[in-house]
Amino acid sequence: MFYNADRFLDFVKQLSSGAIIVRGERVRLGENVKIEILPHSHLYSREPYSFPRISLAATSLTKKMDSESIQEIEEELKECGYTSLNDLGPQWLMLPDVIGYTYDVLIDFPIYFLPISVDLSDGEAIFRAICHKALAQRLKLRVTLKRRMVVPEIGYVSASYVPVENYMITLPEPSEELGEVKVEQPFKSSLRREDIVECAIVSKLGVVAVKSGEVERILQKEISGDFPKLVSQFITLDKLRELLESRQVGGVFGKKPDLAFQRVVVWLFSILGFQAVELEGTNYKILQEENGTQREADVLMCDPQTKKLYVIDVTLRSPEDKKIDDIANLQLSLQRRGIFVEPMIVVGELATEKKRNVRNIKILDYEDLQNILEALRRGEAEEAKRLITR
Amino acid sequence: MYSLKRNIGVEEVWGELKACYRALCIKCFAFSKDGGWLNIKVTGFLSRKSEDQLKAEVMQEYGQLKDLGVTRIGKLLRCFTMRIAF
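Just so you know, the sequences run in chain order A and B. If you read the first sequence in our numbering, its first letter stands for residue -2, the second for the next number, and so on. If you read the second sequence in our numbering, its first letter stands for residue 815, the second for the next number, and so on.
Note that these hints are calculated values from the structure, not bench results. Treat the hints loosely; a few may be bogus.
[Claimed, not checked] Distance ranges between label pairs, derived from CB positions: (1) A/E191 to B/Q878: 50 to 56 Å; (2) B/M873 to A/V159: 55 to 61 Å; (3) B/Y816 to A/V159: 18 to 24 Å.
[Stated by the list, open to error] Where chain B lies over chain A, by a calculated footprint (3+ residues, C-beta under 8 Å): (4) 24 to 36; (5) 131 to 138; (6) 201 to 213.
[As the list claims (entries may be wrong)] Derived contacts from chain B toward chain A, CB cut-off under 8 Å, selection only: (7) I822; (8) E825; (9) C842; (10) S861; (11) M873; (12) E875; (13) L890; (14) L891.
Computed from a prediction, not measured in an experiment: that's the story for all the values here. Think of the CB as a built atom: it goes at the ideal place given N, C-alpha and C, for glycine as much as any other residue.
Using the sequences and the accompanying hints, generate a full structural model.
Right, here's the structure in full:
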């Protein structure tokens, strides 16, 4: 699948030579081009997740654009409604400040690895992350248990965290190209509530990501707020996570994983304070237009704080374009009736590609749901809610 | 990235990450100077997306520039794009 990968290095050679050929045209960069790797990115992300990114930067020491040329271009741009090249940069180059940067070339390297959570169960650390299949074998996970130790010094006593157990683990491959990996590591010591569990993902390039937490906080299952507390007497957060994965809530949903998933999503949104009405699975999910066209919604939702309304399609698989069109058209249909809603699709698996879609429909997928649960676990209900409404 | 090794080279980065990428999408603003094109800025995005997927995205973005009339001033400013598939 990945043939001719070294075409990238050929392109980098072109950059070093001071010019690139684009569509048969030679674009000069200047002379004495310096190439370096930066530990971050300056560009807006084209990826739907906040994967860590590093970048290649190329800078010519000779060529710089003169202010006269910029002015000339910007005068012409006024005819298009722009007054500065900087207004156009984010749109085309995904670069916030075209004129200000001294770099001539910036190339993004997304690192397809995203830590999701660190949990504890029966004295065992459980680390979850989203990882690219090709990357898993190149990454290692360091799991460290740190303990607060008193360090006597002259005149006073201080305390610092000292590693008491360390493990270096090779990551398992995810089953899909971009999928979840889970690592379980038991500790020999009995855990103290002020201990810290630290998980660091390392590669030959350096430390890709670190996720850590205090044992007390990781084990905290109670969520704040009266209503969430009431719900958690019946369905704990751990159970909710399990149900989002298994789509088995039993009862009348026994053989209907799509409806079971929808029910769990609505539970989650309700815990966060949304008002939701489930329509899918009943005879009332159809909205009939005057010309006879039928539109459908699985869930209707309202944010009582902001009064914002949502129509939601809940699906187990990454949505086809038609599904995206359908929910976008339902929004327009309601708009014609004077009701303004935000359409949303909630997906039970990763839906990376579909997050950037032509109709700009918001898609919440498996990773988002996990992040919402994580925020809830940390007691950050507002942050959890923001992940839905942002 | 949390902490990258110092003075790491392009080859080393590429060697570690190349198996994740299917294509590189390049975008460029260049301006006309002395009968040729001089770079204003080049940005590039390595991606696990296929070349066709990237092409569809970029064409949509280029279409917006076209609708705004930005591509009409092509004698002065050019919005270049190309993709390299691996």
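Verification of the supplied hints:
A C-beta distance of roughly 54 Å is found between A/E191 and B/Q878, which places it inside the suggested range of 50 to 56 Å. Between B/M873 and A/V159, the C-beta spacing of about 56 Å keeps the proposed range 55 to 61 Å intact. For B/Y816 paired with A/V159, a C-beta distance near 21 Å keeps the hint of 18 to 24 Å intact. Counting residues of the region 24 to 36 of chain A whose beta carbon lies closer than 8 Å to any beta carbon of chain B gives 7, which reaches the threshold of three, so the coverage claim holds.
Proximity of the region 131 to 138 of chain A to chain B, defined as three or more residues with a beta carbon under 8 Å from a beta carbon of that chain, is established by the 3 residues found. Residues of the region 201 to 213 of chain A with a Cβ under 8 Å from some Cβ of chain B number 7, which satisfies the need for three, so the listed coverage holds. The interface hint given for B/I822 holds, since its Cβ lies 5 Å from the closest Cβ of chain A, which is under the 8 Å cut-off. Given hint, B/E825 at the interface with chain A, holds; its Cβ is 7 Å from that chain's nearest Cβ, closer than 8 Å.
Contact between B/C842 and chain A, as hinted, is supported at the beta carbon level, the nearest pair being about 6 Å apart and thus within 8 Å. At a threshold of 8 Å, the smallest CB-CB gap from B/S861 to chain A is about 7 Å, leaving the interface hint in force. For the restraint placing B/M873 at the interface with chain A, the shortest Cβ-Cβ distance is roughly 11 Å, beyond the 8 Å limit, so the hint is violated. The beta carbon of B/E875 comes within 7 Å of a beta carbon in chain A, closer than 8 Å, and the hint placing it at the interface holds.
Interface restraint check for B/L890: the shortest CB-CB distance to chain A comes to about 6 Å, inside 8 Å, so the restraint holds. Hint status for B/L891: holds, given a least beta-carbon distance of 5 Å to chain A, under 8 Å.
Checked against the numbered hints above, the structure violates only hint 11.
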